[in-house]
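Chemist: The primary structure of each chain is shown beneath.
There are 2 protein chains.
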Amino acid sequence: MKLVLLSGGSGKRLWPLSNETRSKQFLKVLEREDGAMESMVQRVWRQLGASGLAGDAYIATGSNQAEMIRSQLGDVPMVLEPHRRDTFPAIALAAVYLYAIEGVSLQETIAVLPVDPFVEDRFFDRVADLDRVLHASGAPLALMGVKPLHPSEKYGYIVPKPAAASADLSSSDAWQLVGRFTEKPSEEEAKRLIAEGALWNCGVFAFRLGMLIDMLIEKQLPINYEELVRSYERMPKISFDYEVVEQADTVAVSEYDGYWKDLGTWNTLTEEIKTGVIGNGTKCGESTGSHIVNELGLPIVLLGLPNVIVSASPDGILVADKQKSPKVKEMVGSRDDEPMFEERLWGSYRVLDCNVSGESSLMKVGLIQMHAGKQLPYHAHRLRSETWTIASGEGALLLDGILRKMRAGDVVHIPAAAKHGMLALTDLTLVEVQIGADLSAEDVREMAWDGKDRASIGGGE
Amino acid sequence: MKLVLLSGGSGKRLWPLSNETRSKQFLKVLEREDGAMESMVQRVWRQLGASGLAGDAYIATGSNQAEMIRSQLGDVPMVLEPHRRDTFPAIALAAVYLYAIEGVSLQETIAVLPVDPFVEDRFFDRVADLDRVLHASGAPLALMGVKPLHPSEKYGYIVPKPAAASADLSSSDAWQLVGRFTEKPSEEEAKRLIAEGALWNCGVFAFRLGMLIDMLIEKQLPINYEELVRSYERMPKISFDYEVVEQADTVAVSEYDGYWKDLGTWNTLTEEIKTGVIGNGTKCGESTGSHIVNELGLPIVLLGLPNVIVSASPDGILVADKQKSPKVKEMVGSRDDEPMFEERLWGSYRVLDCNVSGESSLMKVGLIQMHAGKQLPYHAHRLRSETWTIASGEGALLLDGILRKMRAGDVVHIPAAAKHGMLALTDLTLVEVQIGADLSAEDVREMAWDGKDRASIGGGE
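If you're matching them up, the sequences are chains A and B in order. For the first sequence, position 232 matches number 802 in my numbering, and the numbering has no gaps at all. For the second sequence, position 440 matches number 1010 in my numbering, and the numbering has no gaps at all.
Same shape as in the complex, but just chain A (with noise of 0.2 Å):
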């Protein structure tokens, strides 16, 4: 059995700690038994882990959130979309690459399932016997679902056939046949969904590699691996449940009766938030069932209100009652503004301060964090110069082919159209200030570090 973990979204419900490279499934918020804190991501792989799943799991995802995974997980294997679609191509994309590259046989059951469910362990052995499911029961799909413990408006329900021919429900093995689908409910609805068996579906879905594969040849698209990445942005920008499972003429469903919780959201999340402050706050008078989530510097004074969060990165700040958290989305929705911190393989980027001044001249003052033997590409920007101060650590900086070591207070001027490159020899901190007309992706070109390559592209200058 295979596992195919789907990593998306850009979080805007999260705002401002979440952003495009990093969603909220990367946010530290999450506090581990032995008190450090990890994310979403870090608790599912663990859980993997203890599960016996994680040698065979595979994250399916953009290449935009590639460093962010690398970063937090290590070296994951990880099936990258070429662009962003939706759940179909992205999940045809993970089938392919199982059965072209990595030669998975076409009878192995593939389970795919959400990067970010915050579940109890036990979810994930359910996850496993989905492989005896779609046995026993012989249909192509096998879904879970989740017992319901509150008639919730938000989430789809998975309403089982009445006569439930196949299987004993009072055994944990249990599994049903699918009768319908029905999304977001009344709750009346739900309730009434509810005394008929109905599960919540929290996005886990099992088929043989072959099942899908055979669909793929049925649609005329391709099943060689480089051929369908050319192709990717002509594949339909489709949802798996519209374009598989409701279509599908029998699906299983198997239950999983346990905590499952969809933390995409202010008032979710912060119920699973231990610790009322996080980072530099304080809470005072009467400020019991709120949170301060701060990534700045600076001291956030809470003062006399409750079930509020309060929550303040490079990115912006929000303050907003918990219940109505959710509309952030909204708020933030039109907002196109670049990223203010961004977390990359060789450690992060964090702007200090940004100001466009007369026509097109920038300054941009960043807090470059390198870690330990991690290095920075060797590029050069047409239109730009950096000056670079080393705050602490040290550093082997290439600068236009010379090779120079750096250590805390030293200073270098990169003017525009230099190529420069860094490698960190310890943690490294450094302040870029940066002047220019231009700071579009154009005005960038990288090259490869090492000398050859590097010599053979400069020639061609």
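Hints may be right or wrong, so weigh each one.
[To be verified] Derived Cβ-Cβ restraints for the label pairs, each shown as a range: (1) B:K754 x A:R616: 56 to 62 Å; (2) B:P876 x A:L719: 27 to 33 Å; (3) B:L995 x A:G849: 37 to 43 Å; (4) A:R974 x B:T858: 58 to 64 Å; (5) A:G846 x B:E601: 34 to 40 Å; (6) B:G971 x A:A966: 33 to 39 Å; (7) A:Y829 x B:T858: 36 to 42 Å; (8) A:G849 x B:P876: 23 to 29 Å; (9) B:E723 x A:G846: 31 to 37 Å; (10) A:K754 x B:E601: 58 to 64 Å.
If you are wondering where the hints come from, they were derived from the structure by calculation, not from laboratory data. Please read all numbers here as calculations on a predicted model, not as lab measurements. Cβ coordinates follow ideal geometry from the N, Cα and C atoms, glycine included.
With chain A fixed as given, assemble chain B onto it according to the hints.
Modeler: Frame of chain A; chain B shown alone:
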């Protein structure tokens, strides 16, 4: 008649906008009729001008506020306390300055008032009228009282003598003799006081200059200005109310029947801030009665919270229920952080980031904005180096005696112990990165900027 305006206070109740160098009276949060923003001192100075009193007004303050006052009001006459004491020494110093330095007649009336009352223009006509009240009443001291609007528990009350023998209260020239003073009564007591005709004490006193000079002689305190400055540290730390007003046999009080407000806390201040959002911010979803005052570049989103104040500055972020906001003083009272934003005569300094790493090694990134024609003092740091990158504008850098013109994009490294200063040829923005082992005041040596003095000082090293 001369006016002495007392400017003091660190304004911790308006944290994070106010700090050690920026007291509440300097915050530009009040909207003028033409839509421009002004501070409380700017408003009062404008009102004094309209009343024809500005030409006779002096500001008594500490030297830490002198630059801020010049920056906001221009070259106004100031009497600078060498140390912070209480109001009696401050008023005594101003009186001795007027007598000994300015040669003001001992018969002249001196009116003392706070630098930041939020009042109607005619308040100042009533201040001017205190000269007449002193004459008419024959009392050595005349106060101004505000006709109470409600039985407040927060203010001091001036209770007139029951038999108002001396004046016709129906006249606008009314004055009475004071019977007694009462501080912060209960609401019930305040109601009884108001029924007796009591007035709120708004901190305005008038007296003949000779009265105070005689008192200083009697108390064996210096009436020579330089001598008083030298011995200022030994002056009693006592208020003028306690030392003079409450000890006086006869005190007259004149009534001001108009708008008067103490804008010292967020709840009272925001009542006078017309616009709900100052700076980069958005209010949405039932946030009526709430205010955002944001001095940071980051956007603030306030969602679904009525009657709160969200205020952000480089010093920190406050989120408070308005009614409870006065408690912020207690919350930040114990904080002794270095101010993260300072307004100076030459411009402003803002800390963008500050990290103490390791034993005493420090990295600090700051943004310096200079006004055209102004200069940063010529100085040196024993233990820290600096890198300056000019972001916009032009300046003349003096570095170890060598003058050099700098413009946007230019970079200079200033090693520890190097003498440096900057003259802004245009408005100038520069980014400063400090690396060093010490940032204490002892690390800084200031020298005269001009060549001659510098050479002689420099030669002595």
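Chemist: Run every hint past the structure and note whether it holds.
Modeler: For each hint, the structure was consulted:
1. Taking 56 to 62 Å as the suggested C-beta distance range, the pair K754 of chain B and R616 of chain A conforms, at roughly 58 Å.
2. At roughly 32 Å, the beta-carbon separation of P876 of chain B and L719 of chain A lies within the given 27 to 33 Å, and the hint holds.
3. Take L995 of chain B and G849 of chain A: their Cβ atoms lie about 42 Å apart, and the range 37 to 43 Å holds.
4. Between R974 of chain A and T858 of chain B the Cβ separation comes to about 59 Å, which falls inside the hinted range of 58 to 64 Å.
5. A beta carbon spacing of about 37 Å between G846 of chain A and E601 of chain B agrees with the range 34 to 40 Å that was offered as a hint.
6. Between G971 of chain B and A966 of chain A the Cβ separation comes to about 36 Å, which falls inside the hinted range of 33 to 39 Å.
7. Checked against the given bound of 36 to 42 Å, the beta carbons of Y829 of chain A and T858 of chain B, roughly 38 Å apart, stay inside it.
8. Against the hinted window of 23 to 29 Å, the Cβ-Cβ separation of G849 of chain A and P876 of chain B comes to about 26 Å, which satisfies the hint.
9. Judged by the Cβ atoms, the range 31 to 37 Å given for E723 of chain B and G846 of chain A holds: they are separated by roughly 33 Å.
10. A hinted range of 58 to 64 Å is violated for the C-beta pair K754 of chain A and E601 of chain B, which are about 46 Å apart.
Of the numbered hints given earlier, the model fails hint 10 alone.
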